[in-house]
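The lines below spell out each chain.
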Amino acid sequence: MSMVRALISRLAPLLACLGLLGVWQVAALVLNNDSFPTALDALRAVPSILGDKESLINIGASLRRMSIAFSVALVVSIPLGLMMGRSRFVAAFFNPLLMITYPVPKAALMPIIMLWLGVGDIAKMLVIFLGVSLPVIYHSFQGAKAVEEKMLWSGAAMGLTALQRMIRIVLPAALPEILTGCRTGLVLALITMVTSEMIARQSGAGNILFNALDMGQYDTVYAMIIIIGAMGIGIDAAFEKLRAWLVRWSEPGFDIPLSFA
Amino acid sequence: MNARGLTTDVLLGVVPIALAVAVWQAISSFGYAPVTLLPPPGLVFARLAQQLLTSSSYQQAIAVTLFRLFAGFSIAVVLGVGVGLAAAASPAVNAVVRPIVRVLAPLPKVALYPALLLLLGFGHESKITLVAADALFPILLSTYFGASMVEQKLIWSAMAAGTPRRQILFKVVLPAAVPSILTGCRIGLVISCIVVFLAEMITSTEGLGHLLVTAARTFQAVDMFVPLITISLLGLILNGLLQGLRVWLLRGFPEV
Amino acid sequence: MIEIDRVSQIFQTSGRQNHLALSQISLTIDDGAFVAILGPSGCGKSTLLYIVGGFVNPTEGIARMKGKPIAGPGPDRGPVFQEFALFPWKTVLGNVMYGPRQLRVKSAEAEAQSRQLIEMVGLKGFEDFYPKELSGGMKQRVALARTLAYHPAVLLMDEPFGALDAHTRTRLQNDLLNIWERDRKTVLFVTHSVDEAVFLSDKVVVMTRAPGRIKEIVDINLPRPRRRADLLLDPRYQKYVVEIERMIDDTSEDGLRP
Numbered sequence: 013m014s015m016v017r018a019l020i021s022r023l024a025p026l027l028a029c030l031g032l033l034g035v036w037q038v039a040a041l042v043l044n045n046d047s048f049p050t051a052l053d054a055l056r057a058v059p060s061i062l063g064d065k066e067s068l069i070n071i072g073a074s075l076r077r078m079s080i081a082f083s084v085a086l087v088v089s090i091p092l093g094l095m096m097g098r099s100r101f102v103a104a105f106f107n108p109l110l111m112i113t114y115p116v117p118k119a120a121l122m123p124i125i126m127l128w129l130g131v132g133d134i135a136k137m138l139v140i141f142l143g144v145s146l147p148v149i150y151h152s153f154q155g156a157k158a159v160e161e162k163m164l165w166s167g168a169a170m171g172l173t174a175l176q177r178m179i180r181i182v183l184p185a186a187l188p189e190i191l192t193g194c195r196t197g198l199v200l201a202l203i204t205m206v207t208s209e210m211i212a213r214q215s216g217a218g219n220i221l222f223n224a225l226d227m228g229q230y231d232t233v234y235a236m237i238i239i240i241g242a243m244g245i246g247i248d249a250a251f252e253k254l255r256a257w258l259v260r261w262s263e264p265g266f267d268i269p270l271s272f273a
Numbered sequence: 006m007n008a009r010g011l012t013t014d015v016l017l018g019v020v021p022i023a024l025a026v027a028v029w030q031a032i033s034s035f036g037y038a039p040v041t042l043l044p045p046p047g048l049v050f051a052r053l054a055q056q057l058l059t060s061s062s063y064q065q066a067i068a069v070t071l072f073r074l075f076a077g078f079s080i081a082v083v084l085g086v087g088v089g090l091a092a093a094a095s096p097a098v099n100a101v102v103r104p105i106v107r108v109l110a111p112l113p114k115v116a117l118y119p120a121l122l123l124l125l126g127f128g129h130e131s132k133i134t135l136v137a138a139d140a141l142f143p144i145l146l147s148t149y150f151g152a153s154m155v156e157q158k159l160i161w162s163a164m165a166a167g168t169p170r171r172q173i174l175f176k177v178v179l180p181a182a183v184p185s186i187l188t189g190c191r192i193g194l195v196i197s198c199i200v201v202f203l204a205e206m207i208t209s210t211e212g213l214g215h216l217l218v219t220a221a222r223t224f225q226a227v228d229m230f231v232p233l234i235t236i237s238l239l240g241l242i243l244n245g246l247l248q249g250l251r252v253w254l255l256r257g258f259p260e261v
Numbered sequence: 323m324i325e326i327d328r329v330s331q332i333f334q335t336s337g338r339q340n341h342l343a344l345s346q347i348s349l350t351i352d353d354g355a356f357v358a359i360l361g362p363s364g365c366g367k368s369t370l371l372y373i374v375g376g377f378v379n380p381t382e383g384i385a386r387m388k389g390k391p392i393a394g395p396g397p398d399r400g401p402v403f404q405e406f407a408l409f410p411w412k413t414v415l416g417n418v419m420y421g422p423r424q425l426r427v428k429s430a431e432a433e434a435q436s437r438q439l440i441e442m443v444g445l446k447g448f449e450d451f452y453p454k455e456l457s458g459g460m461k462q463r464v465a466l467a468r469t470l471a472y473h474p475a476v477l478l479m480d481e482p483f484g485a486l487d488a489h490t491r492t493r494l495q496n497d498l499l500n501i502w503e504r505d506r507k508t509v510l511f512v513t514h515s516v517d518e519a520v521f522l523s524d525k526v527v528v529m530t531r532a533p534g535r536i537k538e539i540v541d542i543n544l545p546r547p548r549r550r551a552d553l554l555l556d557p558r559y560q561k562y563v564v565e566i567e568r569m570i571d572d573t574s575e576d577g578l579r580p
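Chains as they are written, first to last, in the working numbering: chain A, 13 to 273; chain D, 6 to 261; chain C, 323 to 580.
Please note that a few of the clues may not be correct.
Residues from chain D that face chain C, not an exhaustive set, calculated with beta carbons under 8 Å [stated by the list, open to error]:
#1 Trp-161
#2 Met-164
#3 Gly-167
#4 Thr-168
#5 Val-178
#6 Pro-180
#7 Thr-208
#8 Glu-211
#9 Gly-257
#10 Phe-258
#11 Pro-259
Restraint ranges, calculated between C-beta atoms of paired labels, are given here [said to hold, decoys possible]:
#12 C:Asp-450 / A:Ser-99: 36 to 46 Å
#13 C:Arg-549 / A:Arg-180: 55 to 65 Å
#14 D:Ile-234 / A:Val-42: 15 to 25 Å
#15 C:Ser-363 / A:Met-111: 46 to 56 Å
#16 C:Pro-547 / D:Leu-250: 34 to 44 Å
Hints listed in this document are in silico derivations from the structure and should not be mistaken for laboratory results. For glycine and all other residues, C-beta sits at the position ideal for the given N, C-alpha and C.
Start from the sequences and build out the full structure, keeping to the hints where you can.
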């Protein structure tokens, strides 16, 4: 009996997906509105999008931009956050600046950045970079701050220099929290990417979405939503597996999976 | 931290901001960038002040944006706290809600925006719905976790004092979960600020985001900065207010 | 007043194994008795208390209060926990008034009663403080006042002084006895400290380590009121402590025998 239960809980997300799609289907049939195609119609449009070479290039470009910007953001933000966590000086220096820029939607900087850098990849990557940096810095900061002083003292007694302590003690100890920040950043990267493409139409998944909207191809619009949604869920699930493996030694805390615009 | 330490910190924190503004000023004064691309800070802040204080259409835009923000945020709070509590209290609700949240949470809700536009039109409703959808999950999750981690002994103490089972949720679990709920609300509030602005940028006929996009189309650089700074300030102010509320509501709780 | 009839408790641990915490416990507790439940860690003594409190249902057997089976928590059996379990969003006064208000006592009357109790536990002047502003000993006093406020017939105390330093502990032990002397409620007091058990109670129930069984029940024939300074030098007290400590040593070895 409990095996059935275990199986059900494993499949639960899948069941939830199917359930939501079911609700969509019924609602669409009931509302019978041109601009609200049924789930099945949308799903049927998905293969044609994925099969279309141009769309694939667009989506590929989106993902490429996202990965590069994300990686660069990590390389910059994690050390910065760690240093902020261990040095009151550094923290006091950067904190207010970060607090002010926090509520600014990075994707909203798109027009300004476009003004300066044109509509190319760099502009979009810069925006994604900015969007990802903040949560990663914040979580690295928190994680580093929480590292027990006594652990560092033990390291110092063993002869580790300050830099060594940072890399060999603070970094691993703060890793669970850092990875939480990365997960948030990843979701944000995807969202910022889509949003910036919606604002600065030129290429990418968001562009496909709004083109279809303009041209009244409603099935494509919803199909694209499903695709982007699937990308989001897939990336998040994959990262979560990686994260769980990397910090399998840590005690379970809870993190709030976040979804920003 | 003593008063001296605090002042040093504040002064230190002002430095990068002052530095950034100084660099900004320098770039414009030395002509490294044309005025059309990067107007000098003085011009921007003057325009900001003028719009805020004298322009009723600008004030109107702020009101529209704020209205959508609050409407969406309030819906998210009511739904998030309600469902979060229900999921913590009832295993049946939990079993249904949990997988749905796991599926929907990592979804970029902004991808739904076109659908919302199709269904609800280009006015307030689509923006409010998007805001609510995005702000909902952090609030729901933090409520759920806060409620499910309430100390068992607190509940037992209340039960022994005669509290019937059905009242435990509101008399013990909810108050004890308030710190967690407020954390979720803070995140939700920031998200609301961001989302409303972005939604207005993507398509709208009014509001701060719309003003930015309009200025971009007409190459009015100064008028692009002004709404951006405004939303930033609004975010800061709202955040500060929420923090104040938090301090007052949690005056009895030990520091975490 | 309280009857524990062949109670056993099995817990499922995370490894899906069954852990027998209590085994066939039978015990009768008289009205007005101060009974200590003593034993090494893991002997199930807290579990026994929770069963009497109605917070946990026994796997086997039944616990009765005044002849009626115990079905759940209630104001006739008031707990005082080691972790204090005070409501952090209420002041001292708010916490103590909680029980009476729950029992529909009018606000003014509840407040007056509560203030009296707060004074009785020695916290006059602290009514508007929040728990976070109090020391451990003070918090425990509030917890005691909060439970006394709804006049339970039985006090269930779960290692209430375990989280406090030695000095505060002895003070609170004295204060507890002084308060108890007033109306002599029935008290079930769980502890792992032998001298605390002997000092406070009329009867000490010595338990073995898991699976918890009653090894022995020792009647403590020491006169009341009990003064710590006098008792520490009293050979009868010393004899009880030595005797019971030997019992506990024996039970600790029980677990090692094949």
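Here's how the hints hold up against the structure:
no., hint, result
1, Trp-161, "holds (5 Å)"
2, Met-164, "holds (4 Å)"
3, Gly-167, "holds (4 Å)"
4, Thr-168, "holds (6 Å)"
5, Val-178, "violated (11 Å)"
6, Pro-180, "holds (5 Å)"
7, Thr-208, "violated (44 Å)"
8, Glu-211, "violated (42 Å)"
9, Gly-257, "holds (4 Å)"
10, Phe-258, "holds (5 Å)"
11, Pro-259, "holds (4 Å)"
12, C:Asp-450 / A:Ser-99: 36 to 46 Å, "holds (40 Å)"
13, C:Arg-549 / A:Arg-180: 55 to 65 Å, "holds (58 Å)"
14, D:Ile-234 / A:Val-42: 15 to 25 Å, "violated (45 Å)"
15, C:Ser-363 / A:Met-111: 46 to 56 Å, "holds (48 Å)"
16, C:Pro-547 / D:Leu-250: 34 to 44 Å, "violated (51 Å)"
Violated hints, in rising order: 5, 7, 8, 14, 16; the structure is consistent with all others.
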